[in-house]
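Chains as they are written, first to last, in this note's numbering: chain A, 11 to 543; chain B, 21 to 121; chain C, 9 to 254; chain D, 382 to 711.
No lab work stands behind these hints: they were computed from the structure.
One or more of the hints may lead you astray.
[Unchecked claim] Straight line, CA to CA, 25 Å or less: simulated DSS-like cross-link-like pairs of lysine-lysine:
| id | chain 1 | residue 1 | chain 2 | residue 2 |
| --- | --- | --- | --- | --- |
| 1 | D | Lys428 | D | Lys493 |
| 2 | C | Lys43 | C | Lys131 |
| 3 | C | Lys43 | B | Lys52 |
| 4 | D | Lys657 | D | Lys625 |
| 5 | A | Lys427 | D | Lys552 |
| 6 | C | Lys151 | C | Lys213 |
| 7 | D | Lys567 | D | Lys602 |
| 8 | D | Lys468 | D | Lys567 |
| 9 | A | Lys427 | A | Lys345 |
| 10 | C | Lys151 | B | Lys52 |
| 11 | A | Lys497 | A | Lys427 |
| 12 | D | Lys625 | D | Lys493 |
| 13 | D | Lys428 | D | Lys488 |
| 14 | D | Lys552 | A | Lys345 |
| 15 | B | Lys30 | C | Lys158 |
[Stated by the list, open to error] Restraint ranges, calculated between C-beta atoms of paired labels, are given here:
| id | chain 1 | residue 1 | chain 2 | residue 2 | range |
| --- | --- | --- | --- | --- | --- |
| 16 | D | Arg432 | A | Leu137 | 31 to 41 Å |
| 17 | C | Gly202 | B | Trp89 | 48 to 58 Å |
| 18 | B | Trp89 | D | Ala409 | 42 to 52 Å |
| 19 | D | Asn504 | A | Leu120 | 34 to 44 Å |
| 20 | A | Leu294 | C | Phe159 | 44 to 54 Å |
| 21 | B | Thr69 | A | Leu137 | 45 to 55 Å |
| 22 | C | Asn168 | D | Thr674 | 52 to 62 Å |
| 23 | D | Ala409 | B | Leu64 | 50 to 60 Å |
| 24 | D | Gly419 | A | Ala482 | 25 to 35 Å |
| 25 | D | Phe413 | C | Gln85 | 23 to 33 Å |
[What the hints assert, rightly or not] Partial chain B-side listing against chain D, Cβ under 7 Å, derived:
| id | residue |
| --- | --- |
| 26 | Val42 |
| 27 | Val116 |
| 28 | Thr119 |
A virtual CB, placed ideally from N, CA and C, is assigned to each residue, including glycine.
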Amino acid sequence: METLNYLNNGHGAASWLLTRDHKRIALLYLVSITAFFAIGGLFAFMIRLELLTPAGDVMTADTYNKMFTMHGVVMVFFFLIPSIPAVLGNFLIPIMIGAKDLAFPRVNLLSWYIYILGGAFTLVAALSGGVDTGWTFYTPYSTAAANSHVITAAMGVFITGFSSILTGLNFIVTVHRMRAPGLTWFRLPLFVWSMYATSLIFILGTPVIAITVLLVAAERGLHMGIFDPALGGDPILFQHLFWFYSHPAVYIMILPAMGVISEIVQAFTRKNIFGYSFVAFSSLAIAIIGFLVWGHHLFVSGQSVYAGLMFSLLSFMVAIPSAVKVFNWTATIYKGSVQLDSSMLYAFGFIGLFTIGGLTGLFLAAVGLDVHIHDTYFVIAHFHYIMVGGAIMGYMGGLHYWWPKMSGRMYSEGWAKLAAGLIFVGFNLTFFPQFILGYLGMPRRYHAYPPEFQVFNVASTLGATVLAVGYALPLVYFIHSIFYGEKAPADPWGAKGLEWEIPSPPPTENFVVTPIVTHGTHQYAPSKEVGIV
Amino acid sequence: MAVAHHVAPKSMYYMVFGALIVGTLLTVGAAKVDMGPLNNVVMLAIACTKASLVILFFMHVRWSSRLTWVVAMAGFFWLLILFGVGLTDYLTRGWVPGTLR
Amino acid sequence: MSDGHAHAEHFPGRTHMPPVHVEGVPGAPHAHHPKLQHHFDNMPQQAEASTLGMWVFLVTEIMFFGGLFMAYLIYRQANPEGFAEASHHLNVFWGALNTIVLIVSSLTMALGVRAAQTSAPPKTQVFWIVVTMMFGATFLGIKAIEYADKFRLNHVPGPNFHWEGQHAAAAQMFYSLYFCMTGLHAIHMIIGLGIMTVIATMAWKRQFDADYYTPVEVAGLYWHFVDIVWIFLFPLLYLIGGHFVE
Amino acid sequence: MFTNLPLFPVEGSVQAGQVDALYFFMLAVTAFFSLLIGVLVVFFAIKYRRRHDDEVGVAIHGSLALELLWTIIPFFIMMVMFGWGAKVFYNLYRPPAGAMEIYIVGKQWMWKAQHMDGVREINELHVPVGRPVKLTMGSEDVIHSFFIPAFRVKADVVPGRYNVLWFTASKAGTYHLFCSQYCGTKHSGMIGSVIAMDPNDFQAWLGGGNASDTPAAAGEKLFTDLACITCHRDDAQARAPQLKGLFGHTVQLQGGATAVVDEAYIRESILNPQAKVVSGFQPIMPTFQGLVTEEQILQLIAYVRSLGQVAPPATTGGAAPAAPQTPGKD
């Protein structure tokens, strides 16, 4: 006799498609985001296939250009940005703060429908012939020269932006107004802090890209001419407005992953985080300083030299809170009780890859050095270390950590460890050679390339194949676990936190009795200060 | 308990309304006086004052929680970040000898 | 706000509640208001969440218009004379009149919220909201007259744009911005009218009183915000330097 | 010259050494920190592995001293990186006076180069070793980016404006030229070669080349053909500013502002003549938008330059045509 939980409390399509339960909405997102990840991955595979040989012989240049554009659009706007916030954030924030739901459950469901609508626009653009502007939609190529479905794709991005905005709004209000009695700000789980910081970026940045792509559509469709050089318009203004959102968007991807890693590291060392307030505030610092650095995408654009210098300085500044986090995680492992379950393997993978990704970011922030590696494969490698090595590692780690809570089932730990290993190896094989390619000078978005770059490209494609297997495995064993996995206890990892105090899977309104919080999360040992200074 | 919100007297609303109308007429009037670059300053000062009146009284921020203040201010502050940081490019173009605007 | 709120500065939003709250146990004073949604503890928490939500949304609106204002700022500092010349072809009278129309509608909106706050009869509440909508519609009517004028003069950017003055390129840029900014503002007005229709219907059905008027309050915030945008658009578009020259 | 498996790009310019020095410094610092983190994490994971099921970690809440330490040390290291990078950048983007000038126009999907003594090239750029070369670059259509990996230099080529790039080749050879800003279908075909030659070889190449009119001469011809000369003339009937000796000067504009007559100003004045009218003249000049190509605009600019400028580039052979010296005062 199964107890009533959010999964079996209501059956049929309508009980899912009209649900206002944050946990069910999280699962709706999980399914749709996984679908978009597969689509984006398919595009990536086509790109790597083309780059096996120097000559552009697998597909035409136009097709290739559409492939990397759709890869970028789908992965950035429909996978990476919503991934952790919309799936894990939606599922966990109300539980972690002891609430029954988010502040606006209907708005939450609406944001999923908006996401699907935006995704539909993008898929229509892809199926009706594709878009070839690059995910960055740079003018005047996108407004005047491109001969593809730019407006449809731009509307897809515009619409999806509102899904992000509504999600961020919901999280901010929920964290401010719905916390359980006694749950003060400094008792919040670090995941909630990171989601709060992410939400700030959602609401402050997303509107700017919404208006920017709207202007591109207006210029293309109505010949308005906001960025048109012939009217004295400035294509570089587009880049300013675009990156005002799109650089912070990178922090939308990485901040939630950092939050996940903070939780996992504490749970699998059975130890509270080292320097809680520094880790918490560094999330806010990254969110805020992250808004001041966008100009490093314009270092070679003809932006003024002094603006370049300023953006370089600010870009270095944003690295400091990231470094603080890495040092604090390392210090947390010190004298912990370390258990290398698959979630923790992902966390270790994250720390390693994010460290490389972050440190190579310094190369790009150093403005004189960036001139050479700007728009080369060095940049591609760097941001894939952040987005795939960082954000997706965090997402996978989070899924493995909270899967028993979400599904009520345990997955196969052995297969999970194998997948984590494959992903780590495959990832490095794919993207590390691209650093070398980039410094050699191979530009990004090249359909064909000089033959001396081939060896590294072949290595990269080989790695991508391993990576694909690594990503396919979890799909198999997670689905397997739903049907055949053993039932998960409330707290399979021996972790501490409100989400582990309620049954797996949780009941519809999460808590039968509103919890009263008396201390922070992840307190395992009796608190005693151990001086190491 | 739910009647927690401050109920302002009608007379206050009428006074704010009067101030807003006066502000509008002042703006139109000021545009007809040549003050050089000051015209823009005066216009924006009046517009900001009018906006503040609407926010403080019509939108009840005057009686709202500190959080509402912070949220309202944050919006305008972020706008200034967009303008200010963006302008560092436009206002310094061509400063380095040999580079062009 | 009252004492209840003063606590919220020091404790999270749910401290209005007695510390131990078991579901459905009487003693939670407002747990049974018919408008209380299941996931909130009490009415003030629900009201505060809604107004905070609207404020956060308005911040996104500020940034949404902000991108356009940024473009305006950059292009105006690049073409001060062209923008002034183009601005002179806008009708200051209509612009000023529309400003006043919007300010009046903001006043009636504020009085509408106050009517709900003070549990005024539904007739009074509906009266203020409908008056607000009428002024909103008047604004859109005047805007339509101005737009028609621009179409007649071929001042609409695009292939048919025609400019008699000295700064044709800058003027076209100005009018691109003019139509984007006022057009976006007009769309917000139309959405506002839609919201007000819903609010008026709810008011007519006696849904608002001193205990529950959050929807009117939140809709009012939106309406005032749209007014504020126009307060800036009017001088920036209609009154660019040099109206003394003529 | 292309080996089969290069691991590091050739250093073909003076700038390359400066960029690479910074690169190796940053590589060393970041490798150190990556290893530090990696070793610590692995070491702690092994040393403090869980030995029985109900073991918990030691409660350590943090240490202000450590937090300050790992905030301040990275801060100073980053300031060194910033300062070094800023210095390199400032040098990369500040062309020295007297550099040899070449005009570049990017269009979908080719690079066109105009040398000052008339030689034109497509998708090739010949430059002498050991002399600063300054490229003034414009685009016919969309944004391109001029990238020579061996020289470690790059600048976007943006429609509606000129961007400037300079380098001093240090080693003779043939190097890749890439477009590095995505510009449409054949973006990856918008490539070419930069051929750095010994100065003597370069002179020989210039001499034996397919020289046509110099840009200034071509510009002069255009100046007549487009009837610019009807208004821009030397006598008292001139209805437009006299152009002789104008380049490099500051002019007084209507409305009180001033403008320096440089490439950007001349370009704007041809395409959007009403934007900045010199005081004392009527805004009667028609726009030439759509009537002249980017290359022709550059030729007109070369012509105006040849009429004299404040500080003539101290260049010989292959540089701007010898210009009559005008006193450098306004």
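Checked hints:
A hinted pair counts as satisfied when its Cα atoms are at most 25 Å apart, and D/Lys428 with D/Lys493 does not qualify at roughly 63 Å. Taking the CA atoms of C/Lys43 and C/Lys131, the gap is near 21 Å; set against the 25 Å cutoff, the hint holds. A C-alpha spacing of about 53 Å is found between C/Lys43 and B/Lys52, which places the hinted pair above 25 Å, so the restraint is violated. The straight-line distance between the Cα atoms of D/Lys657 and D/Lys625 is roughly 19 Å, inside the 25 Å bound, and the hint therefore holds.
For the proposed pair A/Lys427 and D/Lys552, the alpha carbon gap of about 52 Å is over 25 Å, so the pair is violated. At roughly 33 Å between alpha-carbon atoms, C/Lys151 and C/Lys213 are farther apart than 25 Å, so this suggested pair is violated. The hinted pair formed by D/Lys567 and D/Lys602 fails the criterion: a straight-line CA distance of about 34 Å is larger than 25 Å. Taking the CA atoms of D/Lys468 and D/Lys567, the gap is about 35 Å. The hint is violated against a cut of 25 Å.
Restraint check for A/Lys427 and A/Lys345: the C-alpha separation of about 24 Å stays at or below 25 Å, so the hint holds. Of the pairs offered as hints, the one joining C/Lys151 and B/Lys52 holds, with about 23 Å between alpha carbons and a cut-off of 25 Å not exceeded. Between the alpha carbons of A/Lys497 and A/Lys427 the distance comes to roughly 20 Å, so the proposed pair stays at or under 25 Å and holds. This hinted pair does not check out: D/Lys625 and D/Lys493 have alpha carbons roughly 28 Å apart, beyond 25 Å.
Using a Cα cut-off of 25 Å, the hinted pair D/Lys428 and D/Lys488 is violated, with the two alpha carbons roughly 61 Å apart. Taking the CA atoms of D/Lys552 and A/Lys345, the gap is near 56 Å; set against the 25 Å cutoff, the hint is violated. Under the criterion of a C-alpha separation no larger than 25 Å, the hint pairing B/Lys30 with C/Lys158 is inconsistent with the structure, at around 40 Å. Between D/Arg432 and A/Leu137 the beta carbon distance is about 56 Å. The supplied range of 31 to 41 Å is therefore violated.
A C-beta distance of roughly 29 Å is found between C/Gly202 and B/Trp89, which places it outside the suggested range of 48 to 58 Å. Taking the beta carbon of each, B/Trp89 and D/Ala409 are about 49 Å apart, inside 42 to 52 Å as hinted. Remark: the range hint 34 to 44 Å for D/Asn504 to A/Leu120 is contradicted by a beta-carbon distance near 53 Å. The given range of 44 to 54 Å is respected by A/Leu294 and C/Phe159, whose C-beta atoms sit roughly 49 Å from each other.
Here the CB-CB span from B/Thr69 to A/Leu137 is close to 53 Å, well matched to the stated 45 to 55 Å. A hinted range of 52 to 62 Å is violated for the C-beta pair C/Asn168 and D/Thr674, which are about 26 Å apart. In this structure, D/Ala409 and B/Leu64 meet the distance hint of 50 to 60 Å, their C-beta atoms being roughly 51 Å apart. For D/Gly419 and A/Ala482, the hinted distance range of 25 to 35 Å is satisfied, since their beta carbons lie about 28 Å from each other.
Separation of D/Phe413 from C/Gln85 is about 46 Å and departs from the stated range, judged on CB atoms against 23 to 33 Å. Here the hint on B/Val42 is broken, as its CB sits about 32 Å from the closest CB of chain D, past 7 Å. Annotation: interface hint on B/Val116 holds; nearest CB of chain D at approximately 5 Å, less than 7 Å. Contact between B/Thr119 and chain D, as hinted, is supported at the beta carbon level, the nearest pair being about 6 Å apart and thus within 7 Å.
Checked against the numbered hints above, the structure breaks hints 1, 3, 5, 6, 7, 8, 12, 13, 14, 15, 16, 17, 19, 22, 25, 26 and satisfies the rest.
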